[in-house]
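Mind docking chain B on chain A? Use the hints.
Respectively, the protein sequence lines represent chains A and B. Residue numbers for the first sequence follow this note's numbering, so the first one is 0 and each next one is one higher. Residue numbers for the second sequence follow this note's numbering, so the first one is 655 and each next one is one higher.
Just so you know, these hints were derived from the structure itself, not from any lab. Be aware that one or more of the hints could be misleading.
Only pairs whose alpha carbons sit at most 27 Å apart, straight line, appear in this in silico BS3-like list of lysine-lysine [stated by the list, open to error]:
#1 A:K200 - B:K767
#2 A:K201 - B:K792
#3 B:K792 - A:K200
#4 A:K329 - A:K374
Pulled from the structure, derived: some chain B residues nowhere near chain A, Cβ distances all over 10 Å [claimed, not checked]:
#5 F748
#6 E750
#7 F753
These figures come from a predicted structure and were not determined experimentally. We put the beta carbon where it would ideally sit given N, CA and C, even for glycine.
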Amino acid sequence: MIKGYWIPVLHSHLPFVKHPQYENFLEEFWLFEAISECYIPMLQRLKRLEDENIDFSLTVSVTPPLAEMLDDIHLMEKYERYLDRLIELGDKEVKRTQNSEYENIARFYLDFFTQTKEFFCGFLDRKVLNGYRYFYDLGKLEIITCGATHGFLPLLSVNPKAVDVQIEVAVASHKKHFYKQPRGIWLPECAYYEGLDVVLKKNNIEFFIMDAHGLVYSEPTPQYGVYSPIISPNGVAAFGRDHQSSKQVWSSKEGYPGDVCYRDFYRDIGYDLDFEYIKEYINPDGHRVFTGYKYHKITGETDHKEIYNPYVGMNKTKEHAENFHFNREKQIDYISQFMDGRLPCVVSPYDAELFGHWWFEGVEFLYNMFKEIDKYKVIKAITPAHYLDYNPQNPVAIPHPSSWGDRGYYDVWLNPSNDWIYRHLHQMANSMCSYANKYFNSANEEEEKTLNQMVRELLLAQSSDWAFLMTTATATEYSTERTKEHIYNFWHLAKMVDENSFDEAFCSIVEEKNSIFEFINFRSYSSR
Amino acid sequence: MEYNSAIIVESLSDADIGYSGLLKNHEVFETSKSEYEIPSRYFVDSLTMMAINPLNSYIYWEVTDETLQKFGIPSNDVKINISIVDENNSEISFFESVFSVGNYYFHHEPKYKFLIAKLNLKADDNRLIPILESNRLKLFDATLKGYNNSPLYGEFTAEDKDIQEGDEVVHLNSMSLLKNKNLSSQTLLSKGY
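Chain A with its partners taken away, still in its complex shape (with noise of 0.2 Å):
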């Protein structure tokens, strides 16, 4: 008999990173890696589920600009040429420590990066979004939306036409890329201001996720907790993280990442090794990266660190998945017994990259956590969507405005790190409404399009990752430069309409460098 409900849901963002004009470019590896070590591991192993006749659903977000990036033909053939230069490292690899004590986990990364050359080029067919699609249309995956370029929704409300055009810009990027209307959303860092969810119940969206403090301090206090969503006064649905479940796998001191047969995230051979035997496979500036190659286990608090053994780190995971799936259960049993007969929903939201780049092992783990759910069929893993049809009446509750960020509130995203960029992105919202308003009927084709671009810059220019990176002081330097790079796009294209003087070269490397949502229209930011 089925005592409760686990409810994943794993978050996939990066911010839109596109170069054509390099070949090789630093923070498109941001890309290629969660490629490699989270979004293929994580198809395989769902594969991997279904072929074993084991159930399983997971929600997954994938933001707009991401799912842009996963279906961006440039993208995907370079991420190809990625591979096949990680294959032959692999190969040179495996001749280096031949009869050493490291050829083992060197065969093992050519192995797992030659398998993951074939998942994408025959399982895939070349675009990773294809694996998502697929388990999408089985029903087993619940695909929901995101911010349209993950803008931080409350600190851009003072125009509530941002807010609109980032929720319709991403219900309609959805569609296009997953050919359905998202029942859900993952609002950027879970931040929720009071009157979102008009926005949101305008857009067709039922349920979004928050902190648990979202939902606790939420007007009246909610009856059942974060075990039970409450629904909003506009009747959209708002799911609290559980952070039991949250702390058991994320804490890197107190969670299972931690354990010390798990492979160390640090150790990589691109810093390793010798720098004219790895510079082909770092960036060619000399920039050394990671590769991907680490062979070393996280051993205990020393610099010295161990080889890593991955059979025995997957293995690990089943132990792991077995106290997870315990620990859930007995939790659900507590709380059981305050939810009035209704069963309790434990939310359990990561960020995706958790689950095999941070924790290498960690999409295993996933894997056989469903396989225990199966063996013992006492909890039951479900989605928010199966949630709200299984149970269509839920407590009613003004939710509280938060977020999951430090401190659980919107400090991470306005501080002096970071605080010059608001009234640059306030004023681009204003302008744009007005110029929506002005050329609503009348823009002509050079016009339209010029229009249209300055809406991707000013969208691109809002996402929360550009702030985030200020304050945690991690590529300070590259996040400055593309704000500042996008409100000078704008700026200069408004300059442009203005004057009804068109610089064409400067047009087509913008559009083609920010070549995001091809089907945006500058209207949407008119008051019509």
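Same frame as chain A, now just chain B:
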């Protein structure tokens, strides 16, 4: 409808608020000169408030040279007074600036429903000339609303006879919650919650 105390304790247990993006001390890093020149101002009068968390908010403004000129204020001798008022139009805070383009972080109690900022120019005779009013900023009420707005939990002290040695007390937002699964909901409810 009432909520169940034990469920709320469970919902907030292990709550390490904030998963994404650890805040460091605010370091503003110098970056090398950008190839992109962006506007330093927009020549539009504006006054905007943005909430950060229940206790802190942010405000930015621009007063155009045209506006300054209209009131006879030289652009190199600007004195701005920004007053922050609550829903009853009572001033809760104010600050002054000599910059026609600027920003400010301010701290406030969470007890207000909403705040509005009012920008005044200060004339030579210290007269305040009202120029701009901001958007209305709704504040966050990070409390358990409950039924009849009553708080759920009180302070537990070490002398409380139901607290055993080794019980874990979780401190959350200045309220102390007793976190012990062995304490039944009956015990919590018997304390009047």
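Comparing the hints with the structure gives:
no.: 1; hint: A:K200 - B:K767; result: 26 Å, holds
no.: 2; hint: A:K201 - B:K792; result: 23 Å, holds
no.: 3; hint: B:K792 - A:K200; result: 22 Å, holds
no.: 4; hint: A:K329 - A:K374; result: 16 Å, holds
no.: 5; hint: F748; result: 21 Å, holds
no.: 6; hint: E750; result: 20 Å, holds
no.: 7; hint: F753; result: 13 Å, holds
In this structure, none of the earlier numbered hints is contradicted; all agree with it.
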